[in-house]
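Novice: This is what each chain is made of:
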Amino acid sequence: MRALTSSPRFAPVAALACLAAAACGEVKTDSENFPPAGVMEGTVTYIGPLPCTVRNTPDSVHVVGAAVMLIFNEKLLPPPEGFGTTAGQVAVVAGDELFRGITPDLPVPGPEVGAVACPPAGTRVTVSAGWKAGPVPAGRWQVRGFYDYDGDFSPLLKIHQLPTEGDIGGGAIANPDEVLMGKQVAFQSFAVGVDPDGTGSYQMPSSGARVSGIAVSLAQPLAQSRPVFHATGVLDERPGAATDVTPTGDVTQGRGAVTDAQRVTLPRDERFYIGVSDVKYATSAHKHFVRYKLSPGVAAEEQAAAVAPPYYIQSGDFVQVANTDRAGKVRGIPESPPGLTVADLFPQAIFAKLDSRLDTNQAAQPSPAVVIQGINLGKKGEFSPLLSASTKPVTVDELTIAVRPTAICLDPLDSLKTVYAITPSLVARNGETLAKPEEIEPKLAAQLGRPNVKLVRGCLPRGKYQLNLVYSTGQAWTIPNEAGACLTHVLTAAGTVRSGQEQLAPDGVCRQTVEAGTLARTVLSSQAMTLTVGEAEEDAYCEGIQGDDHAGLTAADYCHGTPRACLTALELSQLGCK
Amino acid sequence: MPKRKLHSRILCGVSVAAALAALSSTALGDDRTEARKRFKSGMDLIARGSYERGISELKKAYEIKPHPNVLFNIGRAYAESGDLENAILAYKEYLASGPPDADDVQKIVTQIQSRLDRQKAALAAAQGGPTGPAAPTGPTGPAGETGPTGVGPTGPATPAERAPDKAEDKVAIAARTEDVFQETVVTASRAAQSPVDAPNSTSIITGQDIRLSGITKWQELFRRLAGVDVNIMTGGDTEVSIRGFNSRLSNKMLVLIDYRSVYIDLLASTFWETFPIDVEQVERIEVVRGPGSALYGANAFAGVINIITKKPGEGRSGFRTGIGTNGNLFGSVTATRRDGEFAYRASAGYTQEPRWTKEVGRGRNDTTYFPGTEKSPGLGSQNSRFDLQVTRRLGKETELAVGGGYASVFRNLQGIGPFNEYALRGNVLDTEMALTSKHVSLRSFFYYFDVMAGRDHDYAGQSLYLSRPRTYVGDVFLEYTDQFNTGASISHDVHVGVNYRLKEVRWSYLDRERKENWIGALLQDTIKFGKHVSLVVSGRADYVPLLQKVVPSPRGALIMKPTDQSAFRVSASTAFRTPSFLESYLDLPIVAPTSSGAQLNSRGKSSPDARVDLRRERVLSLDAGYVNQDSDLVNFEVTAYYLQVKDLVGLVDNRIVTPNSAYGINGLDPETGRYTVGWGGFGNQCATYHAYGSELSTRLFPVEGLDFFANYTINLQRVDIPGGCPVVKDQKTSKHKVNAGVQARTKPGIDGELTFHYASEQLWSEQQVPTDGSIDIQNRLFAQPGYFLVNGRVGYRFAKDRADVSVVGFNLLNNQHRQHPLGQKVGQRIMGFVSYKF
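Residue numbers (our numbering), protein chains in the order written: chain D, -13 to 564; chain F, 604 to 1441.
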């Protein structure tokens, strides 16, 4: 180099050669901002009545509603099959597009803006259109769908996310012939991406994935509205001491600690006082549980607001029917109360733990999912033996839901991970064995579709829980919901909290400033109820749980009496269990 | 990076530097400085009566950097020394350049010719010869041996060899003593002046800077300047701003081409890649730091860049072509000619620049692409252009200039908000007319922009937002200027102007077709109190249709000059940026990133009649500086500034619709087939920014052949955020920036440049599409690490400097980095060029 640079003639030549020889790399792909994903697409076929039309402006008429395809991860299916609550992707085909080919047949609304025209009863058409949804992450997916006939669907709001009475249900169905015969719907499963080792851990190839030709049929009119409910009261007759219970199981004196349905609090060490040794137990066992009394719709004083914008809440009596297997046999609840085999009734009741990061958040905790079983006692309010359960739908105007103090903790996305069913005590206070894990675990495993289930002793995870009522059609209603509170704070996807746009006024009205001015809505306080699992009645009891030999758990697997698997990282940190 | 590769790259850089250093001993200096030095020396010698040496110096100055005034002074010196024959030759050459004072100079030539004739007649009479008219005069040597001035290869013959040196034979003509090699700027005051006299800190990118750097990308030319931010976003998008506040689609700087605004009002940005000219047509580029609304109205917020092109008839015709790595292509042809009062410059060119990286490769199963990009996935930008400029002198000081340009373009750029990679393809057309005289000038232009635009790619099932934005702008500016005195030592230079501008936009992203009529008026007086103090008072008032109000933009500057070539300057000014059409009238449903069936309605904050309540962005600037060009060895400038910026327009947080949604905001949008779940758009930020900093620039000419430059910029920022204000604190510029470089020219013809650039880390708050399933688009804070660049060029000129071959390298050390958190990863580019001047 010294020789080169010392000579003025050679130095520039060297430099030129050096530059000319520099790298000539290709333009590389930098996919940090746009990772490969999946796309699902196909055709949606609608078989049903002609749609209604609405005049949006003096010059434009549009079809009411749209075909909505909700794409669920098979590991996060909605109740009753699973514990997922949100579709992974939503595809929409507007009514205008779906019915484009039969526009002349559509009813014509009046000249005034907002006028709606609906076809006469009995019309029936078959139309098709293409649909496409992306991005979809790697995994196995089901496509469920419905035609939102009355135009009240919203992909954002839970109270508007599911089909209502009159909508036309369906999806990508695996057993259309069986469904015609009255069997339950089985949805097709679509793989997006590849599963290299066959374990169900799907990966997305670098070229992305496209699943085409998915045929969605929407042909099943939904005859019932969603199980909209509100709590009219709570029954708390739990024995406060051993002396409150007779040797045969009758409760002579209840604690009565819980009276306000809006603020039910269970101690996290909730335990039974007795076992089952007498036939009389069957007639009074329900008294050992906190029970909600539920009525359809919203509270009477809220009905006017509920049917008005922005809620449009559609409600009717509950439709109760026993859950049956494919053979038509009534299913029992796997973790039925001690000594009983109780029929599993629709609507099913599930208490799901809310995301604790925000008090006003109404979303269920994503992982671990923690659910407490609710037991539908029907209108009568007592445990219904298998044989007495009706396999034909009956309407009822009241339900009683018992809260069974057993929590199930699972990782929704990892089906191989152990599911823990925890109960504060496997043995009653009087020393009688309440549950035998080896009997209950296989039943739970079958119900949850998980191979590894352990019933363990542990105190329930503290926190607030929502109550879901779910029909076999997948129609559901959840409290608390958006109607019950203002959104003053929003939990962002990044996990941070930011200001919402609604402010609660003293008159119980949420106000929000938007482009066109201020919007207001009345808060429906009946839709704000939560179940709280609070502090233990005896702290020492929870602290004393130092392991579970049956499940192979040691003291290190617990945090203040609750298995760590049931707590989020944030909760572990807040409880000092790092 | 592997150690071995790094070492070889460092070796490359070192060898280039060493080459330049080794050659410097035989090098020529910066041509402007050198010519200026020769010119001053020559004029001094002539003034002292040393004509022979003086003329020789002037000839050398002309050789380095031809300028007609030098010819004039050579002619004058010959005439004064009594060498009338060479005087006539020099003047004739001067006249051949088509100067505006051709008539006056022709009279001088006639006068000298007449005197020469008399001399010859007298000589003939004295020698007993015929007394008729003298024979025609000619050059002292064969035509083929004449030097660049055409007055003989060895300088003038001594007076003793010619006519008697009598006083009556000498012709007294006033010398053109103005320093024609002095750097001149016109942008800061709309009148020619030294940068020392300018009311704003002003830098010049000279033609030599452009040539020696080899840079063909406009924005990269500014990287060497203090106070200027240059951020590469994509291969077709590099954003430039002054004194911070850079952004995707940078919007706080006004760019002019010969005073014609190229600001795209549609998006409030400058699309450099759509210009109808390239750097080969450039005489110089002036960069004025600080607000310029007092002269140029809206959007001259943080500075003004004025690209001054070579006048028709100036320079030489020729071509330059280059090819580089990754498909870099450049070609430019220029034809220029003067024919008496008429002159033209026609140019055509093609530029192709590759992306730095691809966000996605083509052929993915899950993706749809901007039409036409499947076959050219690596293309960053493409520009095919043509430009024609014609001038015609209509009198002694009156000239009519007419021109127009066209460019067919493609750009891959970084959009705003969730529109990361965006593309456009289409046509840009402009026409200009300028009628200028001593006191009055009338300038007008028409600009038409018609492209197909949309996202570069998106997941199938989402939307590319394909659209066809079209806009045209018509502009007329009438200006009156006059100079007069109001006292023995008080002079005024007054500019009065009125401006009308019509803008029309059609774009499906907006609520409807929009048309705006703008009007503005300016007044400026430069008052000189003797030789050392001047006061510049400027002001402009603009009626802004969007705001429905008249916005004043005052400026005041005091300049004190201890010497002719140094000055202290203090100035205060305000400026504004009006919200763009997009910001004002946006009406675009954006598909929620993770839900095909949901959309966010993005809108300007429009009321039902779409009059928006967006406010203008405002800046108050205080600036103080000292510039010194006294020395032939070193120039320097130091500037301190403070900017108070309010009402910045930005994307507001997406507001997700709550249960109120059913009040008509939510529901199915029959046009798009999607559900509206929220809305967003643009709003004024509630924070007040206080930016203060300093720029220190120096240029050294230590020995002939070497020209060093270096500058340092510090930019600090404080943000006042009132309670409840959701602004995220960031700083979209580096606190520290350092640029340094060396330029060299050698007698053997080898020349080049090596530059170093460093920018410290930056902090950006940007809206970003979530990838975690959330449907709303959120602001996130990104830390952008600092980076450095080493760029260089080595060239060789031959064939009497008409031909040139060169190699230009960008990021020679291949330091892989980003210059914006969402920008493409920048690597190395190498290009080779060939050029020839006819």
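What the hints contain is simulated information worked out from the structure, not anything from laboratory work.
Take these hints with a grain of salt, some might be off.
Derived SDA-like pairs: lysine to any residue, alpha-carbon spacing no greater than 25 Å straight-line [to be verified]:
no.	chain 1	residue 1	chain 2	residue 2
1	D	Lys118	F	Asn968
2	D	Lys118	F	Pro1273
3	D	Lys118	F	Pro974
4	D	Lys61	D	Val165
5	D	Lys118	F	Tyr972
Over 12 Å on every C-beta distance to chain F, these chain D residues come out as not near it, computed from the model [what the hints assert, rightly or not]:
no.	residue
6	Val13
7	Glu98
8	Gln210
9	Gly533
For glycine and all other residues, C-beta sits at the position ideal for the given N, C-alpha and C.
Novice: Taking the hints in turn, state whether each one holds.
Specialist: Each hint, compared with the structure:
no.: 1; hint: Lys118/D to Asn968/F; verdict: 13 Å, holds
no.: 2; hint: Lys118/D to Pro1273/F; verdict: 17 Å, holds
no.: 3; hint: Lys118/D to Pro974/F; verdict: 19 Å, holds
no.: 4; hint: Lys61/D to Val165/D; verdict: 23 Å, holds
no.: 5; hint: Lys118/D to Tyr972/F; verdict: 16 Å, holds
no.: 6; hint: Val13; verdict: 4 Å, violated
no.: 7; hint: Glu98; verdict: 16 Å, holds
no.: 8; hint: Gln210; verdict: 22 Å, holds
no.: 9; hint: Gly533; verdict: 36 Å, holds
Checked against the numbered hints listed earlier, the structure breaks hint 6 alone; every other hint is satisfied.
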